[in-house]
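Taken in order, these protein sequences are the chains called A and B. First residue of the first sequence? That's 1 in the working numbering, and the numbers climb one at a time after it. First residue of the second sequence? That's 1 in the working numbering, and the numbers climb one at a time after it.
No wet-lab data here; the hints were simulated from the structure. Errors might be hidden in some of the hints.
[Unchecked claim] Sample of chain B residues facing chain A (criterion: CB under 7 Å; computed from the structure):
| no. | residue |
| --- | --- |
| 1 | 36 |
| 2 | 60 |
| 3 | 63 |
| 4 | 64 |
| 5 | 73 |
| 6 | 92 |
| 7 | 133 |
| 8 | 136 |
[Said to hold, decoys possible] If you want a taste of the chain A side facing chain B, the calculated C-beta under 8 Å gives, among others:
| no. | residue |
| --- | --- |
| 9 | 33 |
| 10 | 44 |
| 11 | 53 |
| 12 | 61 |
| 13 | 69 |
| 14 | 75 |
| 15 | 77 |
| 16 | 142 |
| 17 | 146 |
| 18 | 155 |
| 19 | 161 |
| 20 | 163 |
| 21 | 167 |
| 22 | 169 |
Beta carbons: idealized from backbone N, C-alpha and C, even for Gly.
Residues per chain are reported as follows:
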Amino acid sequence: MKNNILYKHRFLIGRRIVQISILLLYIAGNIYGWKILQGNLSSSKILDVIPMADPYAVLQLFVAGSLLATDVLIGALIVLLFYSLIGGRAFCSWVCPINMVTDFANWLRMKTGLHREEWQLRISRKTRYWVLGLSLVVSFIIAAPAFEFISPISMLHRGLIFGMGFGWVAVGGVFLFDLFVTKNGWCGHVCPLGGFYSLITKPSAIRVKHDADKCTLCMNCKNVCPEKQVLWMIGKESVIVSSGECINCGRCIEVCNDDALNFSFRYKPQKEEKEDA
Amino acid sequence: MAESSKVDKGRRKFFIQILQGLGLAALGGSIWGGYVAEAKHDEIVLRPPGAVPEEEFIRKCIKCGLCVEACKNRENNPDETKQTATLRLAAPGDHRPKEEGKYIYPKEVPVGTPYFVPREIPCYMCEDIPCVPPCPTGALDPELVSSVKDGKKVLDINKARMGVAVVDAENCIAYWGLQCDACYRACPLIDEAIKLELRRNPRTGRHAFLLPVVYPDVCTGCGLCELACVTEKPAIFVLPRNIALGRVGKHYVKGWEKQDEQRLKGSKGIQKTITPKSEKSPEEYLNVEDLLDEE
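Isolated chain B (complex conformation) (with noise of 0.2 Å):
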């Protein structure tokens, strides 16, 4: 009887103390969970150009700057000196700006990962993408920038997605009716991406409105419109295309496209409805129904 109420002080011990260490694990890691999960959810943030989508990139990112050495370093760099370039590396607290409500900058970038800031410095599309080959991880994925040309597969940075440039309407000057199309002039893909729609004035009567106007389908983000517009804070600025670009969904058939119609074919969910019809004589529904009753 004695001997079966000792108490193995050994065997307690450890049992509290796989319950402490597991108690500390849990703790530490909803902390530094938590960081995580907050630190990499930015939407705002510009990724280079070959980005795959923004939760896929924090996934592949191993934040070694390579991209970034690459844009800085590569030949056509505007800055001589190649201290400055497009790309940055993001260290803690790049999200503060240098000078309030001057620019853009994303609320937090996850640390180490790259960025840019258009209105400081806009991508300028080198046609042969310095930053895309060098990126060991595929985080910068070569295909997403990649199109076929006589039958080589080419780099081409017109099919770069990394924004997407919105017009606030308010406040630019070409729709006050001032001449003004520094971003449509600035826009690398001139007439394609941004083209100036022309409508009159009723306010002069005399005088037509030179609005630009952004086509999605073909805007790479590169940001050159908004360093180039002239208002104080830029009127034109680019936007991660998941927070500027709406979505339709798949349900919708274009009826005027040619290919489109084939995809209701052996389509299960749409069938021809039948509502049944009134087994009463038209007649019978005129004379016997109490018409009057639904007032």
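Okay, chain A solo, but in the shape it has when bound (with noise of 0.2 Å):
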């Protein structure tokens, strides 16, 4: 049973399954107007009651200078706390599109042999904050949404669910800078959105927990893990992994063999701590 190779990928089917669905439930929302998701990552709605919006984006709207209707307000926070006390970033790895497209490329990376560490652009895991701090000082100054203007994670998405047109082009654009250019360029090195995420979701609840005990040093968890300098403690030490960088995709958990990672609740009842530990 631990080796079949459904058990071995678990998440990752896990979140194709959940990309997918969302993504076809947008679809659907648009194509025959089902009331189950309406809208799009920018904002929508949950059986047309729910609103949902992201608050990056209503960040930006902010910044840029509008007094926005309460509806997009609530949902902004909808999604914020989510993500923040109990998700961690899991968008990045559960639900954005994006998601596909670099993990693809990485794939293919892998395959052809083009990922060789002195091919790599070094570039800093802190670039995304940068490119935060950025988009919201052009935001202000431009008086518009300066990230939602460039965003491939939104032309994709919108793109899907109302028509692409050029918007390949930035898709592409990602996928050649995370095949060629830089191993999980976007969504590790880049992506402001990612970022935005990183910094708030450090009190999320659902964490990865690392057992220094089983741990046999293979490594296969720092290979595979996008983010991997959230995992620093691997064969150090038995803690939570507390980074905001974490997207909690499990891959971590799928190629140990140890069981040396599983995911867990951080606000654990006393009594189990106890007994864990």
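Starting from the two chains in their separate frames, assemble the complex, guided by the hints.
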């Protein structure tokens, strides 16, 4: 059972199912008028009642100088609270459609042998915070949501729902960047939305937990992790992955043959904590 | 002495990195800002009913497409397959016309924002205005398309001001003296937004001109007239109001409107002008002054 290929890819399969179903529900919302999910990742409605909005987009609109209707503010708050208190940066790995593009680029990179350390362009993981700050400055100066104008994420998602136009160019750019320039280049280094979620999801409850006693230091997890800096504790300490940069994709859990990594809740009742310890 | 001249390389590196970072940010920021400023600046684009003024619209629209979905899936969509709709969400490259010269497209629609091209599909002015209420941000403001009826606030599509129809009298065949009233009949506010003006045709001496005249106070800019126009390239077309209409300014007071002169009350800017009178008597003026000098 444990070496079953499905079991070995359980989170990958789960993520694809979630990503694709969300996408299909949005597409059906436009084509057939289904009310389950309407709109797109910028702002949407569940069952025509519960609003959801991208808090980063709302922040840009706010910085650009607009007073917004309550609908979108409530929507942004719902999403913000969900990811920051519960889900962590799961948006990136479980919802964002660009994730499929960059994962594909990454897979190709590994399969074709394009991935060699010396061929990589070194970009700081902190670049995304610069881009994030810059997007707000530009939004303020230009009085328009700056990242929303060039975001390949919304271009792809909106494109799949409403028609792509030349949006392929932006998406293709991300693909090529991740394939030829840097491993996990877009999601792990540049994307300001990822940076935004990294900052706000620090307190979130769902976390990967490392058990150093079981770890055999094979480093499979570090090889597979798109944000490997968050796994500094491998083989050293039995702690949860507390960085907001962890995208909760579960890849490290899948590849670990020693059951040293698992999802856990950070705020467990005290009793269980004692049992664990 | 030797100690004080020792260079702290870490410190130097720190400042260089800060400067590099700032330089990159400034470069990136100006390219990015320039692109966005360019992309958001299009005056020719037509927005859904209830849209706030363009500058504010760009600031508020979150590009979710809920208005587009509502427009597409409305019950009275003339396209029963519901595959097309008036509103569309701008994709990159949308400004490229499918057939050269046949359509007026915005030069560049800010990506992701809703717009429509009346020549393809005009706004059918649904009475329940399905596109406006779903807007989550207030970029489409129900207040702008509401009126008070029997003490209740109701949506009123006739208050929409998406644009205004403009007649090109040179190429309108009604102005040639041919009988055509296609736009007039297509107008949902027939005899209000477009009226026919009758004029004698001096060329034939008999037939009358039936000239379509647009009344911008009433016209909603739906574009049904533009779609109906029979000429190869429509001679009546919708333009954004800020492009098609002039502006008088507030300093004109209409003496023929009852309340308008009230505006002068308490005004500090207007006062009686007093020209100093000449102290000379008229006689003195006529006799002493050299009137011929001025020639």
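A quick look at each hint next to the structure:
For residue 36 of chain B, the interface hint holds, the least distance from its beta-carbon to any beta-carbon of chain A being 5 Å, beneath 7 Å. The beta carbon of residue 60 of chain B comes within 5 Å of a beta carbon in chain A, closer than 7 Å, and the hint placing it at the interface holds. For residue 63 of chain B, the interface hint holds, the least distance from its beta-carbon to any beta-carbon of chain A being 5 Å, beneath 7 Å. Checking residue 64 of chain B against chain A by beta carbon gives a least distance of about 4 Å; that is within 7 Å, so the hint holds.
Look at residue 73 of chain B: its Cβ gets to within about 3 Å of chain A, closer than 7 Å, so that hint holds up. For residue 92 of chain B, the interface hint holds, since its Cβ comes within 7 Å of a Cβ in chain A; the closest pair sits about 4 Å apart. Checking residue 133 of chain B against chain A: minimum C-beta separation of about 10 Å lies over 7 Å; hint violated. The beta carbon of residue 136 of chain B is positioned within 7 Å of a beta carbon in chain A (closest approach about 4 Å), and the interface hint is therefore held.
Against a cut-off of 8 Å between C-beta atoms, the interface hint on residue 33 of chain A holds, since the closest Cβ of chain B lies about 3 Å away. Checking residue 44 of chain A against chain B by beta carbon gives a least distance of about 6 Å; that is within 8 Å, so the hint holds. Look at residue 53 of chain A: its Cβ gets to within about 6 Å of chain B, closer than 8 Å, so that hint holds up. Interface hint at residue 61 of chain A: satisfied, since its Cβ lies 6 Å from the closest Cβ of chain B, which is below the 8 Å cut-off.
The interface hint given for residue 69 of chain A holds, since its Cβ lies 4 Å from the closest Cβ of chain B, which is under the 8 Å cut-off. The interface hint given for residue 75 of chain A is met, as the beta carbon of that residue sits about 6 Å from the closest beta carbon of chain B, less than 8 Å. For residue 77 of chain A, the suggested interface contact is broken, since its CB lies about 12 Å from the closest CB of chain B, more than 8 Å. Hint on residue 142 of chain A holds. Least Cβ distance to chain B is approximately 5 Å, under the 8 Å limit.
Interface hint status for residue 146 of chain A: upheld, as the beta-carbon distance to the closest one in chain B is roughly 5 Å, under 8 Å. Among the interface hints, the one on residue 155 of chain A holds; its C-beta lies about 7 Å from the nearest C-beta in chain B, closer than the 8 Å criterion. The criterion of a C-beta within 8 Å of any C-beta in chain B is met by residue 161 of chain A, whose closest approach is roughly 7 Å, and the hint holds. Checking residue 163 of chain A against chain B: minimum C-beta separation of about 5 Å stays under 8 Å; hint holds.
The criterion of a C-beta within 8 Å of any C-beta in chain B is met by residue 167 of chain A, whose closest approach is roughly 5 Å, and the hint holds. Proximity of residue 169 of chain A to chain B holds as hinted, the smallest CB-CB distance being about 7 Å (cut-off 8 Å).
Checked against the numbered hints given earlier, the structure breaks hints 7 and 15 and satisfies all the rest.
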